[in-house]
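Peer 1: The chain contents come next:
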Amino acid sequence: MRRWIANLPGRLFLLLMLGGFGLIASASLEYFDFGTLPGFMIEKLPLRFESLWLFSLRAHVASALLTFPLCIVLMTRFLQRRPALHRVLGRITGIAILLVLVPSGAVLALNAKGGALVSAGFLLSGAIVGGFMVRGVLAARRRDLVTHRHAMRHVFAQMSVAVSSRVLMILLDRFGMHPELAYVIALWGPVVASALVVELPTLHRVVVRLLAAPHRRPALSRFEPLKGTPS
Amino acid sequence: MKALRWSYLGAFALASVPSLASADEPFIWAKNRVDEVIVKPVSARERGGSFSRGRPPPRQSRIRITQASESRDTSNRAFVSFAIDVRWGGSEWNKDDVVGCVYRESGKVFVKIGDGYRPAAILLGKDVEPVAGVCVAAPPPARS
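Those protein sequence lines, which keep their order, are chains A and B. The first sequence runs contiguously to residue 230 in numbering that gives the first Met the number 0. The second sequence runs contiguously to residue 143 in numbering that gives the first Met the number 0.
Derived by calculation from the structure, the hints in this document are not laboratory data. A few of these clues could be false.
[Said to hold, decoys possible] Each computed SDA-like pair below joins lysine to any residue, with the alpha-carbon atoms no more than 25 Å apart:
#1 LYS111/B <-> TYR30/A
#2 LYS111/B <-> ALA119/A
#3 LYS125/B <-> GLU49/A
#4 LYS43/A <-> ILE112/B
#5 LYS112/A <-> LYS125/B
#6 LYS43/A <-> GLY113/B
#7 LYS43/A <-> PRO140/B
#8 LYS112/A <-> PRO129/B
#9 LYS43/A <-> SER90/B
#10 LYS112/A <-> TRP92/B
#11 LYS43/A <-> ARG46/B
#12 LYS94/B <-> LEU22/A
#13 LYS111/B <-> ASN31/B
Chain A extracted, bound-state conformation:
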């Protein structure tokens, strides 16, 4: 029972992500109506490389619609207890993320509304996803499951920004914040917070170690001169 309660926040988070995925998927359908320009693109016009941008948007959305639910499933204990299936789905997800999601996201980031600050936020998020995906795959290949889990949590946390960022944008709009400022906050806030949440156990360990440091201080510090020796 205690274990079930302990796992409850994680399960709730996965359910929220699943709900967010459903909303994003329904909002993304307009990107695949090849007869009309999506509203998200119209507000960005004029674009220097219109066709490349639209192709990248469609590739990014399609790969996200495939990999995001796969990430949710891969984070469940159900699939983690089935290594063969976990491996196959993990490979599909890893390939789609590294070959499509991250590169297309980088193209879109260069034209992000909100200027260099927003571009930097998207590029940072993409770098975390790409970097930790490579690290996680390499760790899995050498059966280092601790590193693999830590790396994949970073990947999933950054993918979850897609949902948390949109929720934050809606909330900030309700408070009457100007959309340009809201866009910056709703991007950087979740990107940084997601990375911190994954590093929370590590940060906690560091803080505990620092707080415990004075008690563990050795009797003889290397900065203190030895008694009887010239200082």
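With the hints as your guide, set chain B onto chain A.
Peer 2: Showing chain B alone in chain A's frame:
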């Protein structure tokens, strides 16, 4: 008493001036056309709401005619320029969110995207190319 009656009449006449002025507001046809072609359909499209990274729909919008008199393009067609300002929540008006021109005879509306003018249908997702020569006033005829 007669003077008082005349002053009442005068006050009544003055009070009715603003309503007469709004009815005769210049380019009301242009504002109506922009409202019909851009503001209403775009806000109806945005009202659907979506869980996307797109800009949230503005709370208010207003149409301004940005010139005092009609212009004529190189094809001698009369047009006036307009701007749409938008506002979110309690923030200031964002001026010139959309700028363009509306033609008097045809009722065609164009919006400025980059350096060119495209039919207003682009704001509703129609992939249309810039139209050359529209919304640009022809130079005045040279004096001999």
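Peer 1: Determine for every hint whether it applies to the structure shown.
Peer 2: Here's how the hints hold up against the structure:
no., hint, result
1, LYS111/B <-> TYR30/A, "holds, 23 Å"
2, LYS111/B <-> ALA119/A, "violated, 29 Å"
3, LYS125/B <-> GLU49/A, "holds, 14 Å"
4, LYS43/A <-> ILE112/B, "holds, 10 Å"
5, LYS112/A <-> LYS125/B, "holds, 21 Å"
6, LYS43/A <-> GLY113/B, "holds, 10 Å"
7, LYS43/A <-> PRO140/B, "violated, 38 Å"
8, LYS112/A <-> PRO129/B, "holds, 23 Å"
9, LYS43/A <-> SER90/B, "holds, 22 Å"
10, LYS112/A <-> TRP92/B, "holds, 19 Å"
11, LYS43/A <-> ARG46/B, "holds, 19 Å"
12, LYS94/B <-> LEU22/A, "violated, 32 Å"
13, LYS111/B <-> ASN31/B, "holds, 19 Å"
In this structure, the hints that do not hold are numbers 2, 7 and 12, in rising order.
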